[in-house]
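S.K.: Read off the chains here:
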Amino acid sequence: MRDEVRDFIFKNFLFDDSGDSLNDSDSFLEKGIIDSTGMLELVAFLEEKYGIRIEDDELVPENLDSVERLVQFISRKKVPS
Amino acid sequence: MKICSRCILPDTFPGIKFDEHGVCSHCADFKGIEALNEHKREYEKKFLDLVGQSREKGAYDCMIAYSGGKDSTYTLKVLKERYNLRILALTIDNGFISERAFKNMCSVSENLGVDHLIFRPRFDLMKKVFLKSSENDIYSKKTLERASTICTSCIGIVKFVTLKTAIEKSVPLIAYGWSPGQAPVQSSVMKVNPQLIRATQAATLGPLSKLVGDEVNAYFLTEDHFALADRFPHNVHPLAFLDYNEERIIKEIGQIGWEEPDDTDSNSTNCLLNAYANDVHIKRFGFHPYVWEIANMVRSGVMDREDGYKKIYGEQPSGLLTVAKKRLGI
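Residue numbers (the numbering used here), protein chains in the order written: chain B, 1 to 81; chain L, 82 to 411.
Bound conformation, chain B alone:
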């Protein structure tokens, strides 16, 4: 899953061969990689790819704003509570 998320970010926001580096803990917003509209595209990707529904109150930086946070968030969502 980590690789899939990284691939999506690189392909859609860093354009693969741009030479940009991205650590799993880097904030997308602080590094200027993803803007507010990009966040919404990211949500659309996660919902489609992992068959999850992201609720309004889950749209917070703590869940979405780095590769690490995304991986943890998706893992939690995929486990039925």
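These are calculated hints, taken from the structure and not from any lab test.
A couple of the hints might just be wrong.
Claimed, not checked - Covered, in the sense of this in silico footprint (three residues per stretch, anywhere, with C-beta under 8 angstroms from a C-beta of chain L), are these stretches of chain B:
(1) 28 to 40
(2) 48 to 61
(3) 67 to 74
Stated by the list, open to error - As a list, the in silico BS3-like pairs of lysine-lysine whose alpha-carbon atoms are at most 27 angstroms apart:
(4) B:K77 - L:K272
(5) B:K11 - B:K77
(6) B:K49 - L:K213
(7) L:K222 - B:K31
(8) L:K272 - B:K31
(9) L:K222 - B:K78
Please read all numbers here as calculations on a predicted model, not as lab measurements.
Even for Gly, the Cβ is constructed at its ideal location relative to N, Cα and C.
Given the coordinates of chain B, work out where chain L should sit on it, guided by the hints.
M.R.: Just chain L now, with coordinates in the frame of chain B:
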């Protein structure tokens, strides 16, 4: 220049790839019109539920960011006539609104019977924002795919002024007239989250205030707004899930007094700065800042490829750059 044989994206577009048939990677990734229509039905229902919950909570049910262009005019008409909402239209005058667009706004709000507020930020500061935005790299690569740097700065101010006004006036819904190509249907009905807004505001305002000074902070949220977390509204952009046809929209809004301006470029029906913003973007980045939006509309079947092609690669009315440059003092 190579252009996708299915949509209209060019080979200069960031990260694009083409297959042996000349079809671009964006078209190859597209899930299809039926999948999109399923999302549209789902989000229209979500919107209707939300409208039901938002009525009669305060003085207004909904605020609309009203540019006077065809899309926000049509959105306003639909919200008023089809959903019967009590609407406050808010226009942020960036100093470049076409005279015809101003007349349109007045006729339309009068004919529909909606309150209309015009906020005009000081022009010397807006001019500085536009000039600095056109010269500096302050936005992500992804942002530059979707809009010019000048438009991105302008719309950033529009979004935050609209949000702070909605919070101050306790309006539960903010509507935007984004075309179906501008933002995904999955974001068309969404609660504005204070934490996310705080983070995105910092990402927008930080670089902007460094360039033009702290005076621009006046257009963004303060701690007083963040303290009113229960007043944060939902954002909606209904054109993502409603039927969209440019010709029909222009005909329909003609019935409420809207006339097409003849002094704007092919991708705007209100802004006299747009042609210059496009020109700067094309020269700096090698592709048209509207091509992503228009390509999305062509791909999803709401615009003919020929019409989309003409909007992006067709000849523009002469003299638009001169008008904008003169007003900017260039």
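S.K.: For each hint given before, does the structure comply? Return the numbers of the non-compliant ones in rising order.
M.R.: Violated: hints 3, 6, 9.
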